[in-house]
Every structure is written in C-alpha cells, then in structure tokens.
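A.B. asks: Same order as they appear, the protein sequences are chains A and B.
In this text, residue positions in the first sequence follow the numbering used here: the first is 655, and each later residue adds one.
In this text, residue positions in the second sequence follow the numbering used here: the first is 4, and each later residue adds one.
Careful, some of the hints might be misleading.
According to the in silico footprint, chain A covers these stretches of chain B (three or more CB under 8 Å from chain A) [unchecked claim]:
1) 47-61
2) 87-101
3) 284-290
Derived from the structure by calculation, the hints contain no laboratory data.
Beta carbons: idealized from backbone N, C-alpha and C, even for Gly.
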Amino acid sequence: MISWSEGGMSRIFVFVSVGAIFGLAMACGMSEGDGGFFPTVDGLSTRGEAELYDSETLFEYINGAAESYLAYGFEELAVQSYEEDGEVVLAVDVYRHRDGVHAFGIYCQERPDEGQFVDVGTEGYYQSGVINFFKGRYYVKMLNYRQLDDERDELVALAGRLAARLDGETGFPRALDLLPQSDRIPHSERYIARDFLGHEFLHSAFVADYLINGARSQVFLLAPGNAAAGREMLNAYKAYAEGKSEVVTSAEGTISFVDPYYRSNGTLRLADLDGAVLGIFGVDADTFDSATEEVRTAMEATDPPL
Amino acid sequence: MTEHSDRKNRRQFIVGGLSGLALAGLAPGRLGAAEAVPNPDPDIVIRKLGATGLELPLVSMGVMNADNPNLVAAALDSGIKMLDTAHYYQRGRNEEMVGEVIKDRSRDGFVVATKARASTVDRSEVQDSNKATRESEESFIQKVELSLERLHTDYVDILYLHSCKSREDALDEMALSAMQTLKKQGKIRHIGVSTHSNQAEVIEAALESGVYEVVLTAYNFKTANREELERAMERAAAKGLGVVAMKTQAGVFWDKERTQPIPMKAALRWALRQDYVHTAIPGFTTFNQLEDDLLVMKEPTLTTEEAASLETQEKLAGLYCQQCGTCLDQCPADLDIPVLMRGYMYAHGYRNLLSAKDVVNGLGRGDLPCATCESCSVNCPQDFDVRERALDVARIGQVPDDFLV
Numbered sequence: 655m656i657s658w659s660e661g662g663m664s665r666i667f668v669f670v671s672v673g674a675i676f677g678l679a680m681a682c683g684m685s686e687g688d689g690g691f692f693p694t695v696d697g698l699s700t701r702g703e704a705e706l707y708d709s710e711t712l713f714e715y716i717n718g719a720a721e722s723y724l725a726y727g728f729e730e731l732a733v734q735s736y737e738e739d740g741e742v743v744l745a746v747d748v749y750r751h752r753d754g755v756h757a758f759g760i761y762c763q764e765r766p767d768e769g770q771f772v773d774v775g776t777e778g779y780y781q782s783g784v785i786n787f788f789k790g791r792y793y794v795k796m797l798n799y800r801q802l803d804d805e806r807d808e809l810v811a812l813a814g815r816l817a818a819r820l821d822g823e824t825g826f827p828r829a830l831d832l833l834p835q836s837d838r839i840p841h842s843e844r845y846i847a848r849d850f851l852g853h854e855f856l857h858s859a860f861v862a863d864y865l866i867n868g869a870r871s872q873v874f875l876l877a878p879g880n881a882a883a884g885r886e887m888l889n890a891y892k893a894y895a896e897g898k899s900e901v902v903t904s905a906e907g908t909i910s911f912v913d914p915y916y917r918s919n920g921t922l923r924l925a926d927l928d929g930a931v932l933g934i935f936g937v938d939a940d941t942f943d944s945a946t947e948e949v950r951t952a953m954e955a956t957d958p959p960l
Numbered sequence: 004m005t006e007h008s009d010r011k012n013r014r015q016f017i018v019g020g021l022s023g024l025a026l027a028g029l030a031p032g033r034l035g036a037a038e039a040v041p042n043p044d045p046d047i048v049i050r051k052l053g054a055t056g057l058e059l060p061l062v063s064m065g066v067m068n069a070d071n072p073n074l075v076a077a078a079l080d081s082g083i084k085m086l087d088t089a090h091y092y093q094r095g096r097n098e099e100m101v102g103e104v105i106k107d108r109s110r111d112g113f114v115v116a117t118k119a120r121a122s123t124v125d126r127s128e129v130q131d132s133n134k135a136t137r138e139s140e141e142s143f144i145q146k147v148e149l150s151l152e153r154l155h156t157d158y159v160d161i162l163y164l165h166s167c168k169s170r171e172d173a174l175d176e177m178a179l180s181a182m183q184t185l186k187k188q189g190k191i192r193h194i195g196v197s198t199h200s201n202q203a204e205v206i207e208a209a210l211e212s213g214v215y216e217v218v219l220t221a222y223n224f225k226t227a228n229r230e231e232l233e234r235a236m237e238r239a240a241a242k243g244l245g246v247v248a249m250k251t252q253a254g255v256f257w258d259k260e261r262t263q264p265i266p267m268k269a270a271l272r273w274a275l276r277q278d279y280v281h282t283a284i285p286g287f288t289t290f291n292q293l294e295d296d297l298l299v300m301k302e303p304t305l306t307t308e309e310a311a312s313l314e315t316q317e318k319l320a321g322l323y324c325q326q327c328g329t330c331l332d333q334c335p336a337d338l339d340i341p342v343l344m345r346g347y348m349y350a351h352g353y354r355n356l357l358s359a360k361d362v363v364n365g366l367g368r369g370d371l372p373c374a375t376c377e378s379c380s381v382n383c384p385q386d387f388d389v390r391e392r393a394l395d396v397a398r399i400g401q402v403p404d405d406f407l408v
C-alpha cells in the first residue's frame, strides 16, 4: 500500500525520477510488484519516468488552475503518461491533498451533475475518454486517447487497480452523513473549503442540494472543527447581514435573513449546533426546525464528535 | 473526418451535454440578478480595446477560479462588462456556469472571451507538447462550437488561441486558419492569443501574423524581463491590437506559506498604470474582492503609498528563502542552509536581530565552515550567494544581546 510521506516530500522538485516514488513506496513497506506505483497496461509502455509537482511547481503544470488545487490543500502530484507506437495514448494524474475532505472537495469541483458514476475508489465517474475518482486524500484523473470498444470497462478496471494501491479509506467525509437524508439529490454533495457563497468569512462548508416540495434547495453545514470557529462564522455572517437586511433571531437562537446577493433564493435560516452551523435557503421555519433537530440528533450520535 | 476527430466529437458531445452548475453557488433555476449591487457607475474608467471597436472598463473578470454564478452575475450588474473563461477550465463547467449567467441577458450588455488550445488534451494545461495530440482544423472548430453551446451564445466576442509559449505556437497554421473560418462564420468576433511565458516573443508573433486583434498576457509588478514585455505590449497597442493583462496579482501571496497576501488593489492598479493595458482580468472569488475591483475601475491611479509598499515588499520577498531544500544535499559541510537563510531574512528583512541570532545559534555549528570553504558548491534556485549570506548572518551569533535590542 502506498502512502506518500508527509511534510518532507513537499521539498521535492519537478521531474524527479519515478525511482523516488519507488523509494517512498518501499519506505512505506510497499512491494514493487506490478510495476510499482502506476499499474502496467497491456500493450502500452510508460513514457519516461513519472513527473512530480509540489505546491510551488504545480503552476508549471496546470497554470492558473493551480490556485483552486492549492485552496484544497494540494500537496503533491504524480503524472505518468503511457504510449503506443510513440504516441501518448493514456495519461494518469494522481493528486495528493492534505486529507480526504480536501481531496473530495477538489474532486467535486470538476464532477458533473450527471454522469456515469462508477464503483472506483470512494466515488468516480466515467465520461468518454475520462475516468476521475477520489479515494482517501487522493484525487485521480485518467485520460484515454485510444479507440477501445470496451473503453469504460477497461478504464474502470485500470482505475480500480490504481485505487487499490492508494492508502486511505473509501468513504465520504463524515459531515455529509449528518445532513438530512430525505429529498437529497444524489451526487450533489460537495465541500467548499473557502469563500463559501462568495463570503470570505465562510469556509469549511459541506453542501448538498435537495428537492423540497418540487423546488431545488441548498442545505449546508459549516463544520470548521470546533464550536468557537463555527460560532465565529455565524456571528460574522450575522454582522454582515445587519444593515443590509432584516435579521431575525428566534427564541431558539435561529437566525434568519435574506442575503442581498441571494435574494432570489429566499430567506436563509441558520442555526448554531455547537460544533457546526446549519444553513438552509428558502424553507419555512417549521421545515428548518425539523431539519435542525435531525442534524442535531445525528451530531450527538456521532463518535468521535465532528 | 478522421477516426481521431470522430472520437473527439463523441467525447465533446457527451461532456457538453452535462449541465453541471451546482458548485459553490446556487442550484440551477435559482440564479438571479444581484439586487444589492448598484447600477453601473458613470465614473468607471473605460478604455478602447485596440481597434476591435470594443470599449471596456479597466477591470474585467477572470472567471477561471470562480465557481459561484451569483458572483459573476453581481460583477455584470455592477459594471464589469467582460467575462474571461476557457474551454478547459473546470473541464467545461466554467463555461457552463458563465452560460447560465448570461443566457437571459441582452447580448449587447456583456463581452465574453474564451480560449481554445491547438491540442486535444482534456486537461486545463499541459506544458509538455509531447503529451498533446494535435487538433485538426475541423476538430478545433468543433471544440469552439461546443464552447458556444456551453455559453448559450451564438458567438464569443474574443477567442484566444490558448497559452502560446513561442512564436511557433502563436503562428500555428491550423489554429489561425480555423479561427479565421470561425470569424467568417460569425462565431467569433475577434481573434486573440494568450500567453503566460515568452510573452514578448508571442506578442511580436501576433503582430507579425496580421491575424490577431487581441493579446492576453501575463503581466504584473513581478514579471521577469518586464522592460522587454512592456515594449512589446506598447508596440502591439500602437499597432491597434487590444492588450489585456492577466495574472495581475502576481501569485496572490508574497510567501510560500501563503500567509501574506499581496494587496489586490495596488497590484491591479500597478498593471493598469500604462495606457497600453486596455483592461485586466483579475480573478476573484468573493464579493469583497469584487468591491475592491470596482473601486479600482473608478480610481485606477496607483498611489505613492501603494507603489512604495509594492516595492518594499518585493525587495523583502527577495530576501525570503523559499525553503525549497534544494541546497540541503549540496553543502559538503552538511549545513542547514535554509535555516541560515531564514536568519538572514530576520536580520535584513525584519531587522529582528535577536531572532536572527537565535536562529543562527540554534544551529549549534559555532564558526561556520563557510569561512574556510574555498568555493561554495551550493547552487541556489533563487540565485542567492549562499556563502556570502551565511557568513554575513553568522557574525551575529557572537554579538551580545545588549547590542541587538
């Protein structure tokens, strides 16, 4: 099982040899079987050695898009190309992020709303020529140029072999389990690391879309890791809204207002759940209270606490 | 049609059919104008985009890293006119998001620019052209047509040949021919080229081509070979090309740890201080940043204080060792050079001599072996004279604390 090392590896370089990857893998107790880190592919040979990029050199590979990856705790990227008759026909990018939550977050940035989801890693999807998936703190992107009659099956199998070599659990971030289960739109879950809703003071947002009474709504849980940080976000949002909108605080402490930049979404209701902040756009107070109770109960049952 | 382009079509069709909008912003059907922002301000400074006939506010929006349609809508509602995206951004989702924002707006009310590469690689950028399969003219055109579908528009105002790094890239015959065909078809209004590296060479090639009407170039106060680039930009503008600046934030942060942000307004004003820069496309992801950009649109003059701050910070940043560790295996005396360089920064950058002394003495190396090393074998990627800096800062280890307060 491969586990890229922590910390020290961030000092590494561009274009180091794949031997470095092997070295790391061996240091972590992994065998070199089946070609080392990247799987072998029948009929194809690897083009040169894998290239590694770190947070300082990622811009050289994906240019300005690197900013988004860095916002999601990017640590390192390994790129391996495969060739046939001298032409590159398959490319595999393995991005390693700070943790599973951030890998999920960047995966969601490029995931389509609709797609052929496949059973690879924690979640993946296939589009013609493409398989992307995430597992643990890895986000993997595979691009195939070959004409294959059974492309999907072949890519899924290859992705599965690579996924098996990546350490980490196959599971979504725990916070998503706390969001209300009913009416949730499948594959709509996402994690926004920063600037949630375009506000600098909102971050660490777990979001999902719901179909409530025929209307699409958005539910989010701001889960920064401790109650104080959550409360700080709630207070910042409240302070932002005051003066721009009528802010109402209920007897139970629920705050509601219309965010002026999201007026067409209706009233936003927020509740401090002592560890996370629940927010829902465009639902009435009773619906919100019911959802709040469901999430609160789920949080209390979560062990270890969120 | 070749077998290869058949395949591309299939892939593009499927990718293009995906709706994909639920990012940081709102769900489809919920997008509305941002009622909170004021109407466009008459004080917004406008410049002509070369001879294109387009007149644009000084600040446009680089949409690449934005995933919030309400932010894009707010930008348009508050006076920003041009949105800049690309075929590859977020695997097409970026164009789709822009399309959702603009589809119900008057087509005369905004300018949209997108970019297409001459390769078929379906990744945002790839530096190694060996990995890229060449587009045919037909498949290039189909790629642009897919962008139009995503954007819900019949035409884009500017199509850039994306990320050219050399004269050869910019004068790619296939791409030039395809873009001219698209222009004749009315699917693009103006032909442009974008460049992140070797910008002066690419801009000169754009002039040479007689085809390009707009250049989009990386340009900021930290740009290498700035004078050469500025001469090329000035020449391009004088010849009637539109000149658009990107990467004006110069990396956003001063430091590797990303704790010290570069002042956005000052950096943007710096890039706009020359008349031959017609507009800039800073990326922003928050409403606060939008408001800052709106201020710059009306008050673009770089203040003396801002200029001084950028200059000071840039010099200071030059003192920063980026702690890349390249030197660690190079020193025959096995010195922890990154630590020494940090001490140097404390001493000369922060003027914090006590901290510098702590760092130096913390090494526990006494007299540095550098003094007796005949020639330093360390090759620093930042071109630091490591031996000179090490000896300079090492002196502080012997100075009594009383002299350092």
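A.B. asks: Could you tell me which of the hints above the structure violates, numbers in ascending order?
C.D. replies: Hint 1 contradicted; others consistent.
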